[in-house]
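A.B. asks: Build the full structure now, drawing on both the sequences and the hints.
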Amino acid sequence: DIQLTQSPSFLSASVGDRVTITCRASQGISSYLAWYQQKPGKAPNLLIYAASTLQSGVPSRFSGSGSGTEFTLTISSLQPEDFATYYCQQLNSYPITFGQGTRLEIK
Amino acid sequence: EVQLVESGGGLVQPGGSLRLSCAASGFTSSDHHMDWVRQAPGKGPEWVGRSRNKANSYTTEYAASVKGRFTISRDDSKNSLYLQMNSLKTEDTAVYYCARLSLHSSRSYPNYWGQGTLVTVSS
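Just so you know, the sequences run in chain order A and B. FYI, my numbering numbers position 17 of the first sequence as 17, with every residue one higher than the one before it. FYI, my numbering numbers position 87 of the second sequence as 87, with every residue one higher than the one before it.
Be a bit skeptical, because a hint or two may be false.
To be verified - Taking lysine-lysine and the PhoX-like style, the derived pairs with C-alpha atoms no more than 25 Å apart in a straight line are: (1) 42/A with 43/B; (2) 54/B with 67/B; (3) 54/B with 78/B; (4) 89/B with 43/B; (5) 107/A with 42/A; (6) 39/A with 43/B; (7) 107/A with 78/B.
What the hints assert, rightly or not - With the C-beta cut set under 8 Å, the calculated list includes, among others, these residues of chain B facing chain A: (8) 13; (9) 14; (10) 15; (11) 42; (12) 46; (13) 47; (14) 59; (15) 63; (16) 116.
In short, the hints are calculated from the structure, not lab data. On a predicted model such as this, the values are computed, not experimentally measured, just so you know. Glycine included, each C-beta is placed from N, C-alpha and C at the ideal position.
C.D. replies: Next up, the structure:
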């Protein structure tokens, strides 16, 4: 199985900050990676797919990059509604796997 | 408007069975691959399985943790997806989500999710 390791697991930041979350795959997954935002009690919400394609309706302050084994999610200027948990997911091969999550909190 | 509504969750004893439903609206579910994903309390999401679309003969894939115990099926007449869960274990306790996938560059990505239904396995 492909393991996804996110870093950091916890991030404290302020409104207006630029933040970057990294997702590393245990083997190459081309660009078959998605990023999700999840708030308590809600389903995951797709932000980015194919590593760098912004899902329709998602603010442009979110961006993704990477291929192979290393990927990043960047939020260019944090807004209050961005404080949530973020997960990466690989869709290169079965079983589909998720990273362990990055919890983004207000400093 | 695309909507997915899960139902059928509840409390079940270890070794018991439960059938979850996912009612789709706003699109034709047979045109899309569909996933089940679960999330145990306080944990991250875990992929459970996939039903490919009608064009791919509704073939299925499962996570190792549920293979042989869970079965995904569909009913096109009801535009619905199902998850039959047998031989349930306490570690199957989770919120179960269904998700609709859309194709992009040879891979399908879950872009619509239901609100989830809670399954609790406990004696």
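A.B. asks: Report holds or violated for the interface hint on residue 59/B, using the least CB-CB distance to chain A and a cut-off of 8 Å.
C.D. replies: Hint on residue 59/B: violated, closest Cβ of chain A at ~12 Å, above 8 Å.
A.B. asks: Does residue 43/B lie within 25 Å of residue 89/B when you go C-alpha to C-alpha?
C.D. replies: holds (17 Å)
A.B. asks: Quick one, is the residue 14/B hint okay against chain A at 8 Å, beta carbons?
C.D. replies: Nearest chain A Cβ about 24 Å off; hint violated.
A.B. asks: For residue 107/A and residue 78/B, compute the direct alpha-carbon distance and say whether it is at most 25 Å.
C.D. replies: This hinted pair is violated, its Cα atoms lying about 48 Å apart.
A.B. asks: Is the interface hint for residue 63/B satisfied, with its Cβ closer than 8 Å to some Cβ of chain A?
C.D. replies: holds (5 Å)
A.B. asks: So if I understand the rule, the pair passes when the alpha-carbon distance is 25 Å or less; does residue 107/A with residue 42/A pass?
C.D. replies: Roughly 23 Å between the alpha carbons, so the hint for residue 107/A and residue 42/A holds.
A.B. asks: Just to be careful: measuring from the Cβ of residue 42/B to every Cβ in chain A, is the smallest value less than 8 Å?
C.D. replies: violated (10 Å)
A.B. asks: Run the distance test for residue 54/B versus residue 78/B: straight-line Cα separation, threshold 25 Å.
C.D. replies: This hinted pair holds, its Cα atoms lying about 14 Å apart.
A.B. asks: Does the nearest C-beta of chain A fall within a distance shorter than 8 Å of the C-beta of residue 47/B?
C.D. replies: holds (4 Å)
A.B. asks: Does the alpha-carbon distance linking residue 54/B and residue 67/B stay inside the 25 Å limit?
C.D. replies: Status holds; Cα separation ~22 Å.
A.B. asks: With 8 Å as the cut and Cβ atoms as the points, is residue 15/B at the interface with chain A?
C.D. replies: violated (24 Å)
A.B. asks: Hint check: is the beta carbon of residue 13/B less than 8 Å from a beta carbon of chain A?
C.D. replies: For residue 13/B, the interface hint is violated, since the closest Cβ of chain A sits about 26 Å away, which is over 8 Å.
Hint compliance for this structure: hints 7, 8, 9, 10, 11, 14 are not met, and every other hint is.
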